[in-house]
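> Residue numbers (full-length UniProt numbering), protein chains in the order written: chain A, 1 to 295; chain B, 1 to 295; chain C, 1 to 295.
Keep in mind that the hints were calculated from the coordinates and are not lab data.
The beta carbon of each residue, even a glycine, is placed where N, CA and C say it ideally should be.
Be careful, since some hints might not be right.
As the list claims (entries may be wrong) - What follows is a set of in silico ranges between Cβ atoms, one per label pair, in the way DEER data are often shown:
{"id": "1", "chain 1": "A", "residue 1": "ALA230", "chain 2": "C", "residue 2": "MET185", "range": "24 to 32 Å"}
{"id": "2", "chain 1": "A", "residue 1": "ILE139", "chain 2": "C", "residue 2": "PRO165", "range": "39 to 47 Å"}
{"id": "3", "chain 1": "C", "residue 1": "PHE188", "chain 2": "A", "residue 2": "LYS217", "range": "40 to 48 Å"}
{"id": "4", "chain 1": "B", "residue 1": "LEU190", "chain 2": "A", "residue 2": "ASP156", "range": "41 to 49 Å"}
{"id": "5", "chain 1": "C", "residue 1": "GLN138", "chain 2": "A", "residue 2": "GLU221", "range": "54 to 62 Å"}
{"id": "6", "chain 1": "A", "residue 1": "GLU221", "chain 2": "C", "residue 2": "LYS93", "range": "58 to 66 Å"}
{"id": "7", "chain 1": "A", "residue 1": "ARG205", "chain 2": "B", "residue 2": "ALA227", "range": "25 to 33 Å"}
{"id": "8", "chain 1": "C", "residue 1": "ASP224", "chain 2": "B", "residue 2": "GLN174", "range": "53 to 61 Å"}
The residues making up each chain are set out below.
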Amino acid sequence: MFPYRPGTHQFPYANYPFMPGGYDYSPYSQGGWLGRHSAPEADEGYRMPAQPRLTFVLVHGSWADAHFWDGVAAALRSKGHIVHTPEYAGHGKDPNKQVTHAMITKSVVDYITKLNLRDIILVGHSFGGSVIQKVAEQIPDRIKRLVFWDAFVLKDGESVADELPTQTRQAFEQLAASSKDDTIMLPFPLFRDLFVNTATSEEARRFYAGVTPEPAKPLFEKLDLKAFYALPTPKSYVYFYQDNVFPQGEGYGWNPHMSSRLGLFRLIVSDGDHFTDTRTRPAMVAQKIYEAGRD
Amino acid sequence: MFPYRPGTHQFPYANYPFMPGGYDYSPYSQGGWLGRHSAPEADEGYRMPAQPRLTFVLVHGSWADAHFWDGVAAALRSKGHIVHTPEYAGHGKDPNKQVTHAMITKSVVDYITKLNLRDIILVGHSFGGSVIQKVAEQIPDRIKRLVFWDAFVLKDGESVADELPTQTRQAFEQLAASSKDDTIMLPFPLFRDLFVNTATSEEARRFYAGVTPEPAKPLFEKLDLKAFYALPTPKSYVYFYQDNVFPQGEGYGWNPHMSSRLGLFRLIVSDGDHFTDTRTRPAMVAQKIYEAGRD
Amino acid sequence: MFPYRPGTHQFPYANYPFMPGGYDYSPYSQGGWLGRHSAPEADEGYRMPAQPRLTFVLVHGSWADAHFWDGVAAALRSKGHIVHTPEYAGHGKDPNKQVTHAMITKSVVDYITKLNLRDIILVGHSFGGSVIQKVAEQIPDRIKRLVFWDAFVLKDGESVADELPTQTRQAFEQLAASSKDDTIMLPFPLFRDLFVNTATSEEARRFYAGVTPEPAKPLFEKLDLKAFYALPTPKSYVYFYQDNVFPQGEGYGWNPHMSSRLGLFRLIVSDGDHFTDTRTRPAMVAQKIYEAGRD
């Protein structure tokens, strides 16, 4: 989007009237959770000067939906950026949890092509990393840069579950087996200590109230990623060093274990965890994603 | 301690009159070292809102005694928490340096049981990690959560020395062998660059003045930890990334090398080193320990 | 330099009149790039109290010359330190790019001996780490402490290229082979994402305008470092955790992969990247180098 290209579609209004069927645009709601519970002082240092306008497409991860991005999207828009937060199959309002990784990928591809988005910064968080890997294979010409934020970068032929420590993978298998619909619901103690470890107890409880069971199948599907590894698209990795979903090192983790598979990539680091900062410091998260995405 | 349980013993007064024989209560002394040398501005950012009251038992490491915690304990108490800092056999005022790991463990267990403490957040620093592992085996029902702060998490059958790089272990063996009483005194250059690497020269010298020879035997004892690894007690790990006691990675170090042995644990990270911040930024250390210990 | 030693040469004036032939003294130029583009607010937190005077010799790395240190040297001088920034063979104003690692080492050794510098804190950045390893072998008695800042610490018999991931080493070989004079010019996308990953696009472009082709041969020469590994000189390692020149871990990187080869060393960590902070936060870089160098 910089330099300005007149052919590109723009969505400068949060309440843009027509949305593609089945997906949520997630405009930032002023009266929402964030308005009541954000910590403006802690986030103050991230007020930024005017930024060249970019178009971001933010792809959430597991145990989340498009509202995951509400605060971050608002912060990016307040700097003049265009932000899309597609919600994919099996998540949010979608009642059908029997989805495949390919269906999820199709959700994001369809969203981008129907809106004819171009020159996008495609951002994937967590499981969303494996989604943007597959999306990039299908519509590489629309993508200016890929940004992985504490996100899976799978090897060709791997599944998300292949990157989990044995103990975690087995726990997920048991949780899925004990569910009625092949979904995994995170027990609170696990969510609290792994996903929102820096949050207050109250914030953790509030966050957990929005967590719904995650379709298990896409986590265990092995993905053909040969085309991804042939793409010349520029790539960035955002790593938050209090992220506790995995141990970081000893053969596991986001950075450098998975990030280094990207080959040449830009690294941006901050001190957040896996989920908390999207609500408590959305402007910080937005700034880091911007630093990863800019020219 | 939250929600409030009326049966629990409380010590809201720093000058509580009766202490169990042989151990020091270490009330924070206003006229002490800290009052003169703390850096209040640097620590300012860690002023916190009111916190639900917790009971902390802080277990120091090697080359330290209960006064190690003076500033941190004061900071936690100023937030309304109850803080105990037991000093264990072979340390502080104890003239007998011929102690075993079991004697050290017994010191802490006796302290907790005599005061009938319950629902405690049991915190171990450095060597203190191996102590709280053994304490937890003996009185698991009194412990609400275990917090390891740059602390040893030993595998079953391991000694502390087994986790040291070969060069360090050999140096410790030589220092112990050359002593008259099987103790290890840290040479200043080693203490300065490994334990207080971020301190000023003056702070490092002042810190070193309080260091006394450490009983060697407990560092080389192999510990049976089968019971520890069967405990369901919640656990946290606090990692300070300028800690330089070990290289962090390549098969050594606090996090993730030893922390990941805890299985499911909460991670909290800060930028301190092994000793310095207890004196220069005690409120920061207190806040991180609180974040690790809270519900 | 502390305590004061009357025999030591001092250069308290930035415009000291006689310089050894062939090397640049690089006094900080007020009208230079830094004056226009530094970010004083972000750097404010690093204003320091008076510091005991030290003598620093700062040795730059590849794709840089002595001006790399302009802002950092000025910040150190403003605290009362003496700072030298020798420029070595094949770099800066030297038109001859056909140099060897030994010629580069000789440049720095000659600079130090001609000025009869003693008790120096010898700092190497990046490739400069391999240079100070060799310099230390030749003039150990003049060196008070060695400081490696995101710098190579080569094993005996290794070359800089031996520490590069295969992909990077092959890219460098191809770039050198396609040049007319066995030099390597970094393509902008690689420089932008690996060397100045945290910079704005504008800062990155401005930085890149000063980058010139680097002589390839010294990067591929295997060095005899037996004497280095017998030196008792105190050592420090400064690690900036957004440095993206290498993946950090999985067998590569600055810390702990190369730093731990130093044996006993002091660690200082900050959040910068490989190049950017010398221009955007020179006082921060100066403070970290001071913390690494002080007694």
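> Could you run down the list of hints and mark each one as holding or not?
Hint check:
One distance hint, 24 to 32 Å for the beta-carbon pair ALA230 (chain A) and MET185 (chain C), holds here, with the actual separation near 26 Å. About 30 Å separates the C-beta atoms of ILE139 (chain A) and PRO165 (chain C), a value inconsistent with the hinted range of 39 to 47 Å. One distance hint, 40 to 48 Å for the beta-carbon pair PHE188 (chain C) and LYS217 (chain A), holds here, with the actual separation near 43 Å. At about 47 Å, the beta-carbon gap between LEU190 (chain B) and ASP156 (chain A) stays in the expected band of 41 to 49 Å.
Between GLN138 (chain C) and GLU221 (chain A), the C-beta spacing of about 60 Å keeps the proposed range 54 to 62 Å intact. At roughly 59 Å, the beta-carbon separation of GLU221 (chain A) and LYS93 (chain C) lies within the given 58 to 66 Å, and the hint holds. For the pair ARG205 (chain A) and ALA227 (chain B), the supplied restraint of 25 to 33 Å holds, since their beta-carbon distance comes to about 32 Å. A hinted range of 53 to 61 Å is violated for the C-beta pair ASP224 (chain C) and GLN174 (chain B), which are about 29 Å apart.
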